[in-house]
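Starting from the known structure of chain A, arrange chains B, C and D on it as the hints suggest.
Given next are the chains, with one letter for each unit.
Number of protein chains: 4
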Amino acid sequence: MAENIAVVGLGGMGSGAARRLLDQGHRVTVWNRSAAKATPLVERGARAARSPGEAAAGAAVVITLLADDRALEEVVLGAEGVAAGLGAGGVHLSMSTIAPTTARRLAEAHRAAGAAYVAAPVFGRPDAAASGQLWIALSGPPAAKDRARPVLEALGQGVQDFGEDPAGAHVVKLAGNFMIAAATEAMAEAYTLGEKCGLDRTQLAEFFGATLFPSRIYQNYGRMIAEHRYEPAGFKLRLGLKDLRLVLGAADANEMPMPLASLLHDRLLALAAQGHGEIDWTAIGLAVAREAGASPPP
Amino acid sequence: MAENIAVVGLGGMGSGAARRLLDQGHRVTVWNRSAAKATPLVERGARAARSPGEAAAGAAVVITLLADDRALEEVVLGAEGVAAGLGAGGVHLSMSTIAPTTARRLAEAHRAAGAAYVAAPVFGRPDAAASGQLWIALSGPPAAKDRARPVLEALGQGVQDFGEDPAGAHVVKLAGNFMIAAATEAMAEAYTLGEKCGLDRTQLAEFFGATLFPSRIYQNYGRMIAEHRYEPAGFKLRLGLKDLRLVLGAADANEMPMPLASLLHDRLLALAAQGHGEIDWTAIGLAVAREAGASPPP
Amino acid sequence: MAENIAVVGLGGMGSGAARRLLDQGHRVTVWNRSAAKATPLVERGARAARSPGEAAAGAAVVITLLADDRALEEVVLGAEGVAAGLGAGGVHLSMSTIAPTTARRLAEAHRAAGAAYVAAPVFGRPDAAASGQLWIALSGPPAAKDRARPVLEALGQGVQDFGEDPAGAHVVKLAGNFMIAAATEAMAEAYTLGEKCGLDRTQLAEFFGATLFPSRIYQNYGRMIAEHRYEPAGFKLRLGLKDLRLVLGAADANEMPMPLASLLHDRLLALAAQGHGEIDWTAIGLAVAREAGASPPP
Amino acid sequence: MAENIAVVGLGGMGSGAARRLLDQGHRVTVWNRSAAKATPLVERGARAARSPGEAAAGAAVVITLLADDRALEEVVLGAEGVAAGLGAGGVHLSMSTIAPTTARRLAEAHRAAGAAYVAAPVFGRPDAAASGQLWIALSGPPAAKDRARPVLEALGQGVQDFGEDPAGAHVVKLAGNFMIAAATEAMAEAYTLGEKCGLDRTQLAEFFGATLFPSRIYQNYGRMIAEHRYEPAGFKLRLGLKDLRLVLGAADANEMPMPLASLLHDRLLALAAQGHGEIDWTAIGLAVAREAGASPPP
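Chains as they are written, first to last, in the working numbering: chain A, 1 to 298; chain B, 1001 to 1298; chain C, 2001 to 2298; chain D, 3001 to 3298.
Chain A extracted, bound-state conformation (with noise of 0.2 Å):
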């Protein structure tokens, strides 16, 4: 069935998510704060909204899909935000990485208003939103879930409810970019051993995708790391160090020592202090190459 639903933030993810409710055949409204990302997509059918407000009012869902905490703050609420515009029944879908308090904070929010928020933080790159791939970690009030189904089905090949706790969802996120960070760690560490043994860097890669990690994330960063391919970035080290940070801030708040997370945020750091806050985040591999006194192509 046909929805009105709002997309706020026209990043690649949010273009992508647009793209993807106007080809399944929604009503899609659009916002985002620089107005010539929106034109693409009114090509295709959306509604360009004059704030998030407008974006909201009369949308069954708001989609949110913003680069920070803050960015979502801002448009949620403040003047002519979603807050204001979301009607008693509406439903804001907040699918971006952020600090499960901030999420406490939107619900209640939303809930003096009667909407509701429900956290659905996705798994995927761009070319998986616009094409219906995502993994959608969800969690939230049972009925604005429900109403939230047919974008979730729209946009994801997989919805795993998480309960009721607007912050759950997103704990599942930064989790999950933590374990992804990880495994950028421990394979930049690997492959830099077999390397300074005498191994081929590439081999390896493809070795441990193949056998022991059969899976897109040690495969697609395997090869970038075994290559010292850290541009153009995928997801930019800036954006993974914020993450990061999200993750030891959720742990510090409920008493939970994560070493491995502050190893990684060390690394995450000492790059972007360095001035590689712009290339891929996988440039984890370019800081242990240099330690190691391994030497990466220019």
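Treat each hint with caution, since some may be false.
Claimed, not checked - Pairs of lysine to aspartate or glutamate residues, derived as EDC-like cross-links and limited to a Cα-Cα distance of at most 16 Å, are as follows:
#1 A:K242 to C:D2068
#2 D:K3196 to D:E3164
#3 A:K242 to C:D2069
#4 C:K2236 to C:D2068
#5 B:K1196 to A:D252
#6 D:K3242 to B:E1278
#7 C:K2242 to A:E255
#8 B:K1242 to D:D3252
#9 C:K2196 to D:D3165
#10 D:K3242 to D:D3069
#11 D:K3236 to D:E3278
#12 C:K2196 to D:E3255
#13 A:K196 to B:E1255
#14 B:K1236 to B:E1278
#15 B:K1242 to D:E3255
#16 D:K3196 to C:D2023
#17 C:K2242 to C:D2069
#18 C:K2196 to D:D3252
#19 D:K3196 to C:D2069
#20 D:K3242 to B:E1255
Said to hold, decoys possible - Facing chain D, from chain C, some residues (calculated, C-beta under 8 Å):
#21 M2224
#22 P2257
#23 P2296
Hints are computed from structural coordinates only; laboratory data are not their basis. All values derive from a computational prediction rather than experimental measurement. Beta carbons are placed, not taken as given, at the ideal position from N, Cα and C, and that holds for glycine.
Same frame as chain A, but now just chains B, C and D:
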């Protein structure tokens, strides 16, 4: 074509390999320090030798699958050892997890006697050995690798050749075990973070095993960690600790700093110090939970 | 020359400072959230104010010594706060351990009102405050530092000026507390290694406190660690954890990777998670001993 | 009372010790692998032996001060070695930084020959040896320690007896060098944090060396780190790395997890891998600065 093959060391892996070779129609001679382990194989048609040297005499290929470097060196270089029995042209197919330096030493001893050392460490549990489903990393002299080919094909679902250095494939094995331990630590931290934030550990493990990390390591180890089920041991913690020592030893000798390997070594060493050497090495999950003040089931 | 001085916050440090200032002949006004703490000082001649703002009104210098950033911000910026009471030309001498960003915010608020913020965090325990034996790190506007000079001379055995940035001296304090925690971890690992090798922990602590590290930190903390004597708390672990959070927060904001600070944070966080937040922060020694399977006395 | 004393190994420490013993009126025989090092001592009255064994023959006490375990074992157990020359009742005073296990092996060899091994590693630089200002940790058989007393009193400003285990004092030495390296890392992180926050590194080093940490380690090493002055090397990084290896080796053998020692080992290993093995081991400060994107002077 049937071959005369010796299997020295009849723990789970060695017994599985011998059984598979018998099933495939090879003539198999076996030896084990405690002779009782040979009995079930003799009943299936194997010949029991009274010493490693006797097992090696007349064999085209001698497989060794022993607990550690010291056991291997005794069995190969000791009185009535493999090196003494293996004739010119014989191939020692060394499948244990050992130090690169040990491999070089043994290769040198064989070369002096006209025989050859082929490194062929394996990934997989005993049932994979018995069903020919191992992953095998290979390195050594080309002609000797060719002669070992029928044996490798009987035992493995895949064989990857890492060149001529007798130490090479052993480095691959160490890199792999390090990466497995790293995944264990990552899952333990991630799932305990989730637990402390109100999520279900098992649901997390299932989600990530089905989405980002669809591989048996993440699925099987993830379930063990989620359920804190460390007994019976599939791979004993003290053996995992031994492997991390080999990793750090190779890293140190090659001037390769590996902070994540250091972290894993310290984890396993702490668990061993606390008396947990005989349970499964995924007990990293136990250490993470205790450190976090989360209470695992007794 | 006698001055009108206000002391806001009468924990151990604040009470010690107020007593010292009275002993030196200054006119002292005090304020504390729970008023009972003021009684012994009033008996010695202090005047009790009903609000931080009342304490500040008419004072040349207002000292704050509070538990954390939030308490300080409430007392300064809240209703009837220090900022409201402090007249033009007044000096806020901020002696607590706080975040550099908090200092900048407060400095801005005072500047707008014609008053001045001087950072003056201290090293030393309450008895050092009461006897004028503190070490003081100083930063802020030159004229304001001059006006605070009589107070600083009454309280400290040494004052070091770190420039004009209101955040500067707070960074010095954080660096110092980090170094103390680092020394604690080093002693805990070293003395437990000794113990596991058959040596006497206390003898080790005495030896190093007399030879390589003849300073009170190593001597006093070393004895506590050697004897596993963590109660009564001289400095509570949860406050030490708070300080490590401030260190890592400042490090993160300035793109400064600090792996040792991360290690210390994770140690303290684990101890807090296990319920040890109220004992002395040298309980790092307890964590090290447990991890090693060494048994500290009950 | 004058004694016949042999000094084997004439690097800076050995030469300093021999000079001091001559100054105090002892009869001194010296030996060094490259004989030229003996010349200045012969000019002061020493006798040059042609082998370690010849040096030991007739000596009441043989001091060894060698670069590492292997050099020591060769000089003691090799042909014409100390063990062969040392008569029944002779004392081997072993002052190098070595592994506890090496000490046990040598003690056993001496015991079988009626001689005795006394561990007496030292803290201090060559000038402290030449002026009798070393700190000495001692362990071994009581009677042998008594016989070595005059030599110890000539060389040290303080001697601490750690019992009868021939390995004991060596563990003390390793613990001490670990603690020094830990202080170095702490200062490097603290002072670079300060620098990135706008403070002066040298002022920080002076402040903490005068207040919290008034000891020569913090003062001298702190200045080197603050100024990034790592040449000429007072103690070469590759020797510091060797010592951290010994620390971790002893820790591993005694099931003692030491995460801070692991961190320090990885730091030094990285610096060695980058070609900095011959500069001072305080170059930890260089690694910390580079990681942080701070630029040390060239």
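For each hint, the structure was consulted:
For the given pair, K242 (chain A) sits about 25 Å from D2068 (chain C) by alpha-carbon distance, which is inconsistent with the 16 Å threshold. For the hint linking K3196 (chain D) to E3164 (chain D), the alpha-carbon distance of about 49 Å lies beyond 16 Å, and the restraint is violated. Between K242 (chain A) and D2069 (chain C) the CA atoms are separated by roughly 23 Å; this puts the pair beyond 16 Å, and the hint is violated. Between the alpha carbons of K2236 (chain C) and D2068 (chain C) the distance comes to roughly 13 Å, so the proposed pair stays at or under 16 Å and holds.
This hinted pair checks out: K1196 (chain B) and D252 (chain A) have alpha carbons roughly 11 Å apart, not beyond 16 Å. Between K3242 (chain D) and E1278 (chain B) the alpha-carbon distance is near 32 Å, which puts this suggested pair outside the 16 Å criterion. A C-alpha spacing of about 12 Å is found between K2242 (chain C) and E255 (chain A), which places the hinted pair at or below 16 Å, so the restraint holds. At roughly 10 Å between alpha-carbon atoms, K1242 (chain B) and D3252 (chain D) fall within 16 Å of each other, so this suggested pair holds.
Distance restraint check for K2196 (chain C) and D3165 (chain D): the Cα-Cα separation of roughly 13 Å lies within the 16 Å cut-off, and the hinted pair is therefore satisfied. Among the hinted pairs, K3242 (chain D) with D3069 (chain D) is consistent with the structure: their alpha-carbon atoms are about 10 Å apart, no more than 16 Å. Only pairs whose Cα atoms come within 16 Å are accepted, and K3236 (chain D) paired with E3278 (chain D) is accepted, the gap being roughly 5 Å. Between K2196 (chain C) and E3255 (chain D), the direct Cα distance comes to roughly 8 Å. Compliance with the 16 Å bound is thereby established for this hinted pair.
Distance check on the hinted pair: K196 (chain A) and E1255 (chain B) sit about 8 Å apart at the alpha-carbon level, within 16 Å; holds. For the suggested pair K1236 (chain B) and E1278 (chain B), the alpha carbons sit about 5 Å apart, so the restraint of at most 16 Å is met. Restraint check for K1242 (chain B) and E3255 (chain D): satisfied, since their Cα atoms lie roughly 12 Å apart, inside the 16 Å limit. Simply put, K3196 (chain D) and D2023 (chain C) have alpha-carbon atoms about 40 Å apart, too far for the 16 Å limit, and the pair is violated.
In summary, the hint linking K2242 (chain C) to D2069 (chain C) is supported, as the alpha carbons are separated by about 10 Å, within the 16 Å threshold. Taken as a hint, the K2196 (chain C) and D3252 (chain D) pair is honoured in the structure, with Cα atoms around 11 Å apart against an allowance of 16 Å. Taking the CA atoms of K3196 (chain D) and D2069 (chain C), the gap is about 22 Å. The hint is violated against a cut of 16 Å. Only pairs whose Cα atoms come within 16 Å are accepted, and K3242 (chain D) paired with E1255 (chain B) is accepted, the gap being roughly 12 Å.
For M2224 (chain C), the interface hint is violated, since its Cβ never comes within 8 Å of a Cβ in chain D; the closest pair sits about 16 Å apart. Checking P2257 (chain C) against chain D by beta carbon gives a least distance of about 5 Å; that is within 8 Å, so the hint holds. A hinted interface residue such as P2296 (chain C) counts as satisfied when its beta carbon comes closer than 8 Å to some beta carbon of chain D; here the least separation is about 14 Å, so the hint is violated.
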